[in-house]
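Peer 1: For reference, the chains in residue letters:
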Amino acid sequence: MATQHSRTAARIMMAPAVFVLLVWMLVPLSMTLWFSFRQYLPLRGGDQGFVGFDNFVRFISSSAFWPSVQTTLFIVGGILLITVVLGILLALLLDQPMWGQGVVRILVIAPFFVMPTVSALVWKNMFMDPTNGLLSHLWRAFGADPVVWLSDVPTFSIILIVSWQWLPFATLILLTAVQSLDSEQLEAAEMDGAPPLRRFAEIILPHLARAITIVVLIQTIFLLSIFAEIFVTTGGAFGTRTLTYLIYQRVLESQNVGLGSAGGVYAIILANIVALFLMRIVGKNLDA
Amino acid sequence: MARAVTTQRKVLNTTIAWIIGLVIFFPILWTILTSFKTEAEAIANPPLFLNFDWTLENYAVVQERSNYMRFLWNSVIIAGGSTLLGILIAVPAAWSMAFVPSKRTKDILLWMLSTKMLPAVGVLYPIYLICIELGVLDNRLALVVILMLINLPIIVWMLYTYFREIPGEILEAARMDGASLKEEILYILTPMAVPGIASTVLLNFILAWNEAFWTLNLTAVDAAPLTAFIASYSSPEGLFFAKLSAASTMAIAPILILGWFSQKQLVRGLTFGAVK
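In order, the protein sequences belong to chains V and E. The opening position of the first sequence corresponds to residue 1 in our numbering, with each subsequent residue numbered one higher. The opening position of the second sequence corresponds to residue 1 in our numbering, with each subsequent residue numbered one higher.
Derived by calculation from the structure, the hints in this document are not laboratory data. Fair warning: this is a prediction, and the values are worked out from it, not measured in the lab. Treat the hints with caution; some may be incorrect.
With a Cα cut of at most 35 Å, we get these calculated DSBU-like pairs of lysine-lysine [stated by the list, open to error]: (1) V:Lys284 with E:Lys10; (2) V:Lys284 with E:Lys264; (3) V:Lys284 with E:Lys103.
Which stretches of chain E does chain V cover? Using the computed rule of at least three CB atoms under 8 Å from a CB of chain V, they are [to be verified]: (4) 23-30; (5) 44-55; (6) 84-97; (7) 121-127; (8) 200-210; (9) 213-225; (10) 245-259.
Cβ coordinates follow ideal geometry from the N, Cα and C atoms, glycine included.
Whenever a hint applies, use it, and build me the whole structure from the sequences.
Peer 2: Encoded structure:
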C-alpha cells in the first residue's frame, strides 16, 4: 500500500525525532568518552591532557568504588525483592472481589505520583526523625528506644523509601497481568482439588513470569540511577553512596571530570547490559 | 462464569485491602493533615489526627517566605513545555512508523528506547558544560529541551502503540468514498488519535513534573521548579514539619489528581507497550 511518495513523507516526518535523539545521544556520550581519557580538573588547572586508561583504573581502584557497587546492588536488589514480592501479593489481593476496589487501587497507586524529593523529605523528617518522627513516637509508645533511621540503618531506610515509591508501579503492572489470567483454568484446578499454594506456583506464577521480568528490568534501569532520594536524605553519607552518587560527587562536588567521566562510562555499560535484556523482550513483543 | 463468592470472603477481602491501601497511602494523608496544623501540633506526641485547630497559616507562610508561586510556575512551564514540544516532534514520527512501517521501523523504535536507558549521571558533566557554554544554566528553556529529550522515547512509544490500534482499513474505506487526504486526517484519524495523544500528554506531564535529576543539578534560583524548591527544605532551621507539609502538599496535589486519571496509561507508557 505504501507508495514511494508516502515513504518519503514518512521519512521526513520521522526526521526531527530521530535527529534530536541522535544529537542527544552522540554529543554528550562522545564528550564523556573524551573526558574519561583526560586529566580534567576544571577548578585545579583545567584540562591537563591525555592520560590513557588512567581514570578507568583509578576509578575502580579507589577505596570508594567497591563499597559503592555493593551499596548499589544492595539497594537495587532490596527494592526489587520488596516491590516484586509485595507487588504480587497486592495484585492478587486487588484482583479479588471486594467493595470499593477502585478507591483502594487509587490509594495504593498514589505514592508513584509523589515527586522524589517530597517523598524523601517527608519520610526523612515526619517519619524517620529520631525525636519528632512518627516512627519514633510509635517506638516510644511500645517502650523501645527510637531508631535513628538514617544513620543507624541508612541503606535500609533508603530501600524503604524507594520501595514505597515503586511498589505501586510493580503492583499496577502485575495486576494488569493477573487480570489477563484465564479464570477457567484456575477454576478447573480448584475443582481438581489443587490447594491454593499449588495453584499459585503452577498456574499464577508462570503466567506472571513475563510481567515480573518486565517489572524487574524497567525498575532496575530506573533504580540504578536513583539520585534525589539519596541527595536529600543522607547525601551519600553512612555508606549510602551508590555508583550514581559517587559519579555525581566526582564530577560536580570534587570537580574531577576525567575520573567522574570514567565512572560514567562504567555506569553506561552497566545500564546497557540490563537494557539489552529489556529490549529483547520489548522487541519480541513488537513482532507479535 | 463468575466464581461464587461468599459474603464473608468479600468482607474479609475488603477489610484487608482497605487496611493495606490506607497504610500505603498514610504518608501522603499524614502530610496533608500536618499541613493544616501548627508547628507545635505537628510534632505532638501522641500524634494528633483530626482533633487539632485546622489552620491555613502554613500555606500563607510558605508562599510569603519563599515565593512558592514562582517555583510552581517554573514547574508548569518546564513540565508543560517539554511535553508539548515532545508531542509536536513525536506525533509525526509515531504516525509514520505506525502507518507506513518499513523494515527499519522496529530498529528505530528500539534504538529510541535505548537512549532512554542512558544513565543521566553518565552524561552529567557534558550537559552541564554545554549549558554553561551556551549560558543557559538555571534556564527554563534548557530544562524544557532536556526533559523533552528524556521523555521523547516514551512519548514516541506510547503514541506508536496507540496509533497502531487505529485500523488502516478505515482509511482505505474513506478513500474509496472519495475523502481527500485533508478530510481523512481531520474527520477520521484525528478523532481516533486524540484519546491516545491525551493519555500520552498526561503521563509525560507527570513524569516531567517529578523529574529530579536534571532539575536539581541544572537549576539554582531562576529556573528552579518544585522538585528543587522542596529539596531546599532538606536543611531546615527550627520547627518546620507543618510548613514542609504545606509545601509538599501543594507540590504533589495537582499531580495526584492528574495521576489518578492516568492509571491505565501508566502501565502502557512505562512498559513501552509490553504490558497492556
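Peer 1: Which numbered conditions among the earlier hints are violated in the structure presented, ordered from lowest to highest?
Peer 2: Those not satisfied come down to hint 1.
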